[in-house]
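K.L.:
Given next are the chains, with one letter for each unit.
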Amino acid sequence: MGGGLPQFARPMNAAPISPVYRIPHPLPLDSGQELEGAEIAYETYGALAPDASNAVLICHALTGDQYLASPHPITGKPGWWERMVGPGKPIDTDRHFVICANVIGSCMGSSGPASPAPDGQPYAMRFPVITIRDMVRGLVALLDGLGIARLHAVVGGSMGGMQALSLAANWPERAVRVLVIAATARHSAQNIAFHEVGRQAIMADPAWADGNYYESEAKPDNGLAVARMAAHITYLSEAGLTEKFGRRLQDRPDGTKGAKSFGFDADFQVESYLRYQGSGFTRRFDANSYLYITRAMDYFDIAEEFADVPGSGKLADAFAGTQARFCIVSFDTDWLYPTAESRHVVHALNAAGAKVSFVELSAPHGHDSFLLEHDQLDRVVKGFVE
Amino acid sequence: MNLRPDLAAIAAHVAPGSRVLDIGCGDGALMAELESASGCDARGMELDGALVERCVARGLSVVQGDANLDLANYPDKAFDYAILSQTLQTATRPDLMLDGLLRVGRRAFVSFPNFAHWRTRAALMFGGRMPVTRALPVSWYETQNIHHVTVEDFRDLAAKKGAKVERAWFFSGEKQIGAPAANWRAEFAVFELSR
Chain A
882 MGGGLPQFAR PMNAAPISPV YRIPHPLPLD SGQELEGAEI AYETYGALAP
932 DASNAVLICH ALTGDQYLAS PHPITGKPGW WERMVGPGKP IDTDRHFVIC
982 ANVIGSCMGS SGPASPAPDG QPYAMRFPVI TIRDMVRGLV ALLDGLGIAR
1032 LHAVVGGSMG GMQALSLAAN WPERAVRVLV IAATARHSAQ NIAFHEVGRQ
1082 AIMADPAWAD GNYYESEAKP DNGLAVARMA AHITYLSEAG LTEKFGRRLQ
1132 DRPDGTKGAK SFGFDADFQV ESYLRYQGSG FTRRFDANSY LYITRAMDYF
1182 DIAEEFADVP GSGKLADAFA GTQARFCIVS FDTDWLYPTA ESRHVVHALN
1232 AAGAKVSFVE LSAPHGHDSF LLEHDQLDRV VKGFVE
Chain B
-17 MNLRPDLAAI AAHVAPGSRV LDIGCGDGAL MAELESASGC DARGMELDGA
33 LVERCVARGL SVVQGDANLD LANYPDKAFD YAILSQTLQT ATRPDLMLDG
83 LLRVGRRAFV SFPNFAHWRT RAALMFGGRM PVTRALPVSW YETQNIHHVT
133 VEDFRDLAAK KGAKVERAWF FSGEKQIGAP AANWRAEFAV FELSR
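Line by line, the protein sequences are chains A and B.
Our numbering puts the first residue of the first sequence at 882, with every later residue one more than the last.
Our numbering puts the first residue of the second sequence at -17, with every later residue one more than the last.
It should be emphasised that the hints constitute simulated quantities derived from the structure, not laboratory data.
Cβ atoms here follow ideal geometry from the backbone N, Cα and C, with glycine treated the same way.
This list has only true hints and no planted wrong ones.
Residues from chain A that keep clear of chain B, each with C-beta distances beyond 10 Å, as calculated:
1. V1078
2. R1164
3. E1185
No farther apart than 30 Å at their CA atoms in a straight line, the calculated lysine-lysine pairs in the DSSO-like style are these:
4. A:K958 x A:K1125
5. A:K1195 x B:K59
6. A:K1236 x B:K59
If we strip away everything but chain A, and leave its shape as in the complex, we get (with noise of 0.2 Å):
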């Protein structure tokens, strides 16, 4: 991939291209398979400093990349947390050097199923399953090309907050601060059921080929699409979605009032909103990455990996003896990640004897709401890395 952007996603202006770490070494996965010559590619954001002790490592969602504060070089958009992160915002950059990474699975740039494989054709569905905790060593890897033995923090929403739980768990020693927002230490049956919804949309279009479709002119945009519709209203709440819509019908593309057209158009406001959702998303990502990815989360339960027996796991074990502290925060509206599946991090950080905080935050706008205008969630981010 020689650090450009995958084909699929090749920007059609000359945006600026991340640097990518090339990783030195096989990367060794959960599955037992390794992968050879990984990349990763990466932004930061501010000066380290001389004993590199400012480091604040900030992790992806999803469907999120390392775009974080600065401009997407496909759609052009302002970066997905420019508000906590910038000079003098509570992710200081004047103050830390903050780091965020493309995973390991995703395509921006970072290995992962769109990428060449030994053979110079697309890896596709050769690609190996990949873990959260895989996509975390891969960032350590990177850490360690970058020379940072210990990060100040590290800071993640949603699945961003899985791997910094998974980073606390695993490589206890390689971080002073856990900052871990609308997040979960496993991933629950409704969870995965979601997943599987957009899994089955990505493989029932007849253009996913298998995954075999970097080459074609069809992509399995549609599916990818339904997949996207669907996840995005688990970031919703119905509350935050009759406040933005309620039944309000859409106006026609020829500036004629709204109506129903007793037809299968895009009638309502959410209608036309979720297919806009959808269609812009399969702009900037790869079918084949939403598939690993929610794959990766859906396996995704920290107390299961540190069980001697499968199903004895403690997740307290996942942190005995951590040095760290921790800070938990959930939304209230959050029904994708609840706030009882936070509380239940904080119990077993209770146990471990962890030093750990721990807020509930209201906001009407569910999962999302880590993502959007919020001053208390404002003041906690700062008060707890600065």
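Start from chain A and add chain B according to the hints.
P.N.:
The following block gives chain B in isolation, referenced to the frame of chain A:
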């Protein structure tokens, strides 16, 4: 640091370097004092999210939680001290909460407003109404104090639970007073217990 008198009494008697759980830690004033002045490893629990946020913002480790439910998640003797200040009378079951305190802490500090203070007695006796006093400023219908307790009641409960009263402090307003007739004279009491 200007601590409330009951908190100051507790802060002065927690051994330096101890592991402490402050239940109902509020804005974390006592925790901050214990960490900065006594080098303690302090953890807190607080129901009110806005107060938790203030604690986290000042670098304290505080969990938003309900002591009635969440104390059960801490291991036995996880702390040198478990502290319950001005919260016992709000518990669903103060007796069970006391059990919890003495389970997670080797010692416990408990402070509470004394319902047998003469002002309270006078208000009830002569006013014939639920007392609203300096120590109990909220009307019966909106107070969080659902289990009013007196100094003597608390001694009885401690004895029933097999807890030993190591020390006790009594206050009238800001002023510390002696133990004699404390059940009449004390607006607030602080007990240090062990089991």
